[in-house]
Structure formats: C-alpha cells, structure tokens
Amino acid sequence: MKALMSTHKPINPDHKPKYCRRTLLRALGLGPGLLPVLTTDFAYAGCLAKPPKRAIFVVWTNGVQEWAQGSGPSFTLPGYMKSLEPHKADLLPLAGVKLQTLKDTPNPQKADNVGHGATPALLTGKKYKELRPFVEIGGGPSIDSFIANDLLKRGIKTPRSSLALGVMQEGYLALWRDSGQPNRPDNDPYRVFADVFAGNMGTAPDPQIDKLRMARKSMLDLVKRDLDAFKKRVGRENGARIDAHLTSVRELEKNLDAGGAQVGAGCAVPAIGNKVDVKNTRNFHTLTKAQFDIAAAAIAADVTRVVAIQMGNEGDNHVVPTWLGIEPTGKGGGLGDENSHHSIAHRGGDNKRKIDGWFFEQFAHLIDKLRTDKEGTGNVLDNTVCLFANHMQNGGSHSIDNIPWLLAGKCGGYFKTNDNVKVSNVPHTQVLKEILLAMGVPSTGFFEDPYDQDLP
Amino acid sequence: MRRLTRREYNHSVAQLLGDTSQPANALPTDAQNEAGFASPIAVSTLEARLYGDIAEAVAGRAVKDLGKLAPCDAKVGDRAGEDACARRFIEGFGRRAYRRPLEASEVTDLFGVYDSTRKLTLDHATGVSLVLQAILQSPKFLYRWEVAPSAKLGRDGAYVRLTPHQVASRLSFFLWGAGPDDALLDAADQGQLATPEQVVAQGKRLLGVGGKASDAVGDFHRQWLRLDGPAGLADLSKSKSKVPAWTDDARPAIKAELDAFAASVFVGPQADGKLATLLTAPVGFVRESTAPFYDLTDVKGTTMVRKELNVAQRAGVFTQLAFLSVHATSSGSHPTKRGTVVWRDLLCGALGKLPDNVPPVKEAGTNVSALRTADDGEVLG
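Heads up: the protein sequence lines correspond to chains S and P, in order. Per our numbering, residue 287 is the first one in the first sequence, and the count goes up by one each step. Per our numbering, residue 268 is the first one in the second sequence, and the count goes up by one each step.
Okay, chain S solo, but in the shape it has when bound (with noise of 0.2 Å):
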C-alpha cells in the first residue's frame, strides 16, 4: 500500500563478529575469571554496520476502549496511550482492518463477532485449518515462521531461525509452524535466557560433560530414528503429524547445537532479574517485560530477525491485574475472577483504560529499547517492523472489524511512520502481506486464495 510506504532498500546483512563477553557475564553475575573458558566460536554479533531487517509480532487480547484519532501525522493518541507519545514518529496506527479470514472460514455455528476465536488465524494467510472449541487450528504458518523460513532458505542464518515467546500463553494459538503444526511459545523467560544468551556458558571444561553430551546424542538419534519409521508406518494423516513432531525434535536439536549467542560490543544483554514463578498471574508484568527485554536483546544482536509474543491466552480470564492495584473478589464465572482481564474487558470503562494503558506502555517500552539501540545511522527500530496485533476491536462488541492494529519502526525506511492509516474495510492478510514487501519476503504460498492482495 503506497499509504505505508516509503522506499525500499535491499536487504544487505553484513556480519561483523565482535566479542562482549564481559557484558554477558555481567549479565550472569559471573566474574572474568571465567572468561577463557568461554567458547571462541562466535554467534553473529550485533550493531552491524549495514544492518539486516527484522519483525517482530506481539498478540494480546481483548480489544481497546479507545483509538488514534484524527488522519495523517496530526493524529492524536487517547490518553491511555500516552507512553506511546514520544514514539509517536516511529508508529503507524491502523484503523479499518478486519479479520476476513475468519469471516470466510464456513462455520454455521458461529456467530461472526467472536474476536476470541480469531487467534489462530491471526497472524496466518490462510482460513482455519479445523474449527473446534477451544482449539481452533491455523490453516498455515503464522508469519514468524514464514519469514524465518525464508530466511532459511536464502541461506540467512543466524544462532535462533525466531523466537516464540509467552506470557502465561495456553489456550488459542497465534503461532503455527505450518498448517496443524503449532509453535508453542515458551513461558518461561529464564528458560530463554539461559538457552539463547548462556548455553554455551560452562563452568569450566569438563570432559564428563562432553562425554555425557555425546552418549545423549546418540540417544536422540535413536528417537528421531524411530519417528522416522513410525511416520511411514502410521498411514498419511498421522504420519503427517508424527513428521512434525520429528521436525520438532530436528529443530530442537539445532537450537541445543547453537548453544548462546555471544552478543556483540555495545549491545546490552538483559537483566531479567531474579526468577518467579512463570505460572503465577500476580508475576505477568514482571514476565512481559522480561519476555519484551529478551526480544529487544535479541534482535538488536542480530540473534534472531523474528520473534512472534503471545502474551495471555485467547480472552485472559485467567489474568487479573493485581500489578495495577486491582484484586480478586473471588467471584466470577465463564469469564474469570469479576476483575479478569476478560470480565474488566466485557465491562469496558476506566479499569479497561488502566489495562489497556498497561499493555500500551510494555509496547512503548520495546520500542524504546529498539530506538536506544544504535545501529548504522541510526537505531535498531529504524531496521525493524514491530506489529501489535490485538483480534477484536473492543472487550463489549468482539467484534472483528476496525481491529485495533499498531505497526511501529520504519523496517529499513519501507514504512512511512508518523501516520494514522485510515483505511476501509480491509483484510488483514493485506497489511501482513506489506510487512512480507518490508522483510523483502516473497508471499507465495502464504496466502490462499483470495488474500494475497495489495493494500488499496
């Protein structure tokens, strides 16, 4: 769409490896006396000098209460969305998109305001895969995986193909490696830290270790071995479903051989704090913000180009926001606690403000993580596309047009920022196709008939 965009730049990675292990053992706690035992293989290092181009996709719930209002770059944000209005350059609020697949997905039971339902084909070019309750299933990959794929195959490799991460995320699914084949996020930001900032961290050679890493791949030999054979076994259906269990196993065993990515000088490693419980609600601010500083970490080091977060399930009845000052009662139903997420959100009204606010300030905190990162000319922002991508236009309505879309960063100057992009009635899939024209990623075989097509 000519509305969005600026011009386009080739896509020109250029690895620079650099060193910062200091910073990533500050990170740890660990002391330089550690230092020569570190690996001197290294990841690709970040703030590069002609910097690649990356996405990043974050899902949540449950509508807003207000929107950017006014055209052009005079819009103006309601006062909830304050925290966004020193970003007010880098952003491009949407308003008139719909989700159309989901329109179109035949299914006469269901009513077509249900916004909650939308999620699995959110993020997808394709219909639903299978409508059932509960567990609606995408009808393709979501766009992280389709990029990172790409990626992939032009022989861009980089320590993590993407990242999936959640917050407290069960429920519908956002993110599919393909049709049926879900990439569940991981919830536990600990986890990540270790697997992509420190796994490549010994305490010091040991060879028990390495001994015991190799008898443990010989064992995943024998289980992906026996996938293989029992996927030809099984007839077509489920061997389908056995071969993405084995494609699971092969990319898992990648990730493990990546080991952590050693980030490059001047780029920082986050501080994620000290562990809570990855399972308690009362901890899902502390978990975002530890979730969004992994995504901007990663990025900025060039760890990954991708990351797709799923934050809270399809409507969050299982989040109340104790970290705004809002309690339980203890009472509820089919929504949750009365002061779920959920609940607040079917209410509307100044507590949905307070949330919405919320959720709009970890957004602008990314954002300004990415703009603080200097990179090239300017900052890792400038070289990203960051979408928001919420499935239902308010918490009362669900209904699925005019959904509440906000893209940020110029994505290496395709995007023209600073705009509010009214448009009419138009699909989903079609904004998702310019951020495939941003990423400089063909969109054949993303999208099913009759979707892959261009913003008016």
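No lab work stands behind these hints: they were computed from the structure. Where hints are given, some of them may not hold.
As the list claims (entries may be wrong) - Result set (PhoX-like, lysine-lysine): computed pairs, CA atoms no more than 25 Å apart in a straight line: (1) Lys-517/S - Lys-471/P; (2) Lys-331/P - Lys-342/P; (3) Lys-471/P - Lys-541/P; (4) Lys-374/S - Lys-617/S; (5) Lys-575/S - Lys-565/S; (6) Lys-419/P - Lys-518/S; (7) Lys-443/S - Lys-510/S; (8) Lys-510/S - Lys-567/P; (9) Lys-617/S - Lys-507/P; (10) Lys-386/P - Lys-503/S; (11) Lys-331/P - Lys-503/S; (12) Lys-510/S - Lys-386/P; (13) Lys-497/S - Lys-342/P; (14) Lys-617/S - Lys-509/P; (15) Lys-335/P - Lys-479/P; (16) Lys-540/S - Lys-443/S; (17) Lys-384/S - Lys-374/S; (18) Lys-575/S - Lys-660/S; (19) Lys-443/S - Lys-660/S; (20) Lys-565/S - Lys-617/S; (21) Lys-497/S - Lys-331/P; (22) Lys-443/S - Lys-503/S; (23) Lys-708/S - Lys-368/S; (24) Lys-497/S - Lys-386/P; (25) Lys-604/P - Lys-617/S; (26) Lys-510/S - Lys-497/S.
Given chain S's structure and the hints, the job is docking chain P onto it.
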C-alpha cells in the same frame, strides 16, 4: 493413533516407575476435541524439548534405585554381565512402556544407546538412564499405536483388525488411564483377548483395582460433562452475596463428589455398572462445605459421607453439584448452558446459528455476548 495426554503420561510413569511427581504437568495444556475430551495436537519444538527435559528428570530419579529399576547381579566393571542386565531391562521395561513385546531389532537399537554410552567410559547407571530416556521420547511410548515394526496389519474387509496388544492398550487406557499391566500384556501375548468374554473378564479385573480405575472413571466423567478445562471445576467460584453458603473448600469437595459418585457406579464389587444408576440414583457424597447445598445439616468436617438425597429434587449425576455449579453463573442457575450440554453432548444435537431477531440475554453488570449461547464463544464470551 493418539499421543498420550498429560494425564496418561503421568499415570504411565507412575505405573511404570512409581514416579508420582506428575512430570507431564510441565507440558502445555492438552487441546480438547469437539466432545470436550483431551486430544493433543502435533508436537511443537517446545514440547519436544520438554519431553526431553521430563525424560531426563524421570530417568534421573529412577536410576537412583537401580536395584529396583533394573535388578542386576553383575559386578561393577563386568561388562558382559552388565550388558546382559541392560538387555534384560530393555526387553522387560520396553515391553511395558511400548505396551507390546519388542522385536529383536528394537532391542538392538536400544542396546546401541547403552553400548555407545559405555564406550564413552560412562557407567552402567548412565547407560540405563539414557536407554530409559530414549524409550520415554520414542513415538512407541508417546503415541498409542501398538504395532511392531515388522508386523503386517490384519485386514478385515474395509477395516484393519486391531492387534491383541492394541486391544489391551485401549482397554487399560480407557479404564486405568495408563498402559496394560503384566497380566494384561500376558493375555495379549497369548492371544487371550480374542473373544468379547475374554475382554469383559479383563475389563472387570481392571475395574476392580480401586485407585487406578476410580481416577480414570472420574477423568472420563469430568471430560464427558465438560467440567474440565477453562471455566471448569478447577476455576469454580461463586458470588458470596448471591450464594452465601459458598466457601472455597466447596471447590475440591464438588470435584471429589463427582469422582466418588462415578466410581460408586462403575468401580469395585458394589458397583452395578448401570447407566440408570448414574442418571437416577438420588445419592450424594457430601462434606461439610457442600452439605448446605443439599439442605443437610448432619455432615461435619472434610471426610466425605455418602448420603441419600431428597428424591423429589435429586436424580443422578445431572442433579449433583458438579454439573449444576459449573454450568451456571457465579450467582445462580443457567438453564441454557445446561441445556446446551445435554442437547449437544448427550443427544448429539447441533445448535444452529442464533437468529438475528433474538435479543441477547441480559444480566445486570454483564455484557451481552457472554450469554449468547449459540456461539462457541459461550464460555469464552
């Protein structure tokens, strides 16, 4: 073919290894199928990783008592003796974990894991641990499809005949939520699950094993009546102003009543196993916290008591607290929700799309779509 649910995984390691730590609770929640039953979808990279982590932890605990897991007389360092012990463990444990005898090639493959571990100069226990981890991550354990690698599938017209070990596995997962025990595997080995009478006899034997069968029967009824999952028994809560007798102690008591009642109908020597009993018996299993809801005053404390209930008000599982309290609002009854479950899940009826001229049901302080029951968003709102 179906992947083990989290519950089935937990029950399986409890039965195989005595590991009651419920390690599969670290996995993401199982998806549900249309009928409300747990039905896991494809394994993601995160789950592949968690299966590995869980297997490592379970194996680590199991090899702490190696004498119990894999009894072995060989002296430490006697490789030939230890090899023989490892093979014996693979054949014995493998048969119970894969729910069928292993073929020679499978024993060789698993022994290969043990052997390469030993060749790295790691000890016997580590070798056994890694074999155990390979088994716990194998599709032959994780998926219910008990057919040996070289077995020919027996065709019967348009159908494929189940192997005796598939029959055994279906029976034990249905009635125990876990794989077959040695006796059931022996029966399958010897072709003694070929007639309906033989299957019934084994089924009765499994139902006679209190703890396991009661758990599985309770699980079944909770899923069947849509009392598990989001907004189910685990999240049950009532408005204290509208339901003054409600306390949080009632929540586990209500679940315990359903499990005990279902077990009383189907498990043990007293059970008559009749659907009529399930649907009509005016019986409750009551604790002090649930007594007020049945207008009972003589039940005290947390010990569950079997009580005859008022026949004018109560008849079977649909009039007990679990079904009524979950399929309701926090302040009162909800006939539409209950009717939806009965219509869809018992009578197999379909609900049409809500006609446009039906106004939404309104309840003070609640927004409209929460109560529009014609869409699947009913519970989700």
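Here is what the structure says about each hint:
no., hint, result
1, Lys-517/S - Lys-471/P, "violated, 35 Å"
2, Lys-331/P - Lys-342/P, "holds, 17 Å"
3, Lys-471/P - Lys-541/P, "holds, 14 Å"
4, Lys-374/S - Lys-617/S, "violated, 40 Å"
5, Lys-575/S - Lys-565/S, "holds, 15 Å"
6, Lys-419/P - Lys-518/S, "holds, 13 Å"
7, Lys-443/S - Lys-510/S, "holds, 24 Å"
8, Lys-510/S - Lys-567/P, "violated, 56 Å"
9, Lys-617/S - Lys-507/P, "holds, 7 Å"
10, Lys-386/P - Lys-503/S, "holds, 14 Å"
11, Lys-331/P - Lys-503/S, "holds, 22 Å"
12, Lys-510/S - Lys-386/P, "holds, 21 Å"
13, Lys-497/S - Lys-342/P, "holds, 23 Å"
14, Lys-617/S - Lys-509/P, "holds, 10 Å"
15, Lys-335/P - Lys-479/P, "holds, 22 Å"
16, Lys-540/S - Lys-443/S, "holds, 12 Å"
17, Lys-384/S - Lys-374/S, "holds, 23 Å"
18, Lys-575/S - Lys-660/S, "holds, 21 Å"
19, Lys-443/S - Lys-660/S, "holds, 22 Å"
20, Lys-565/S - Lys-617/S, "holds, 21 Å"
21, Lys-497/S - Lys-331/P, "holds, 20 Å"
22, Lys-443/S - Lys-503/S, "holds, 23 Å"
23, Lys-708/S - Lys-368/S, "holds, 20 Å"
24, Lys-497/S - Lys-386/P, "holds, 10 Å"
25, Lys-604/P - Lys-617/S, "holds, 19 Å"
26, Lys-510/S - Lys-497/S, "holds, 20 Å"
The structure does not agree with the numbered hints 1, 4 and 8 stated previously, though it agrees with the rest.
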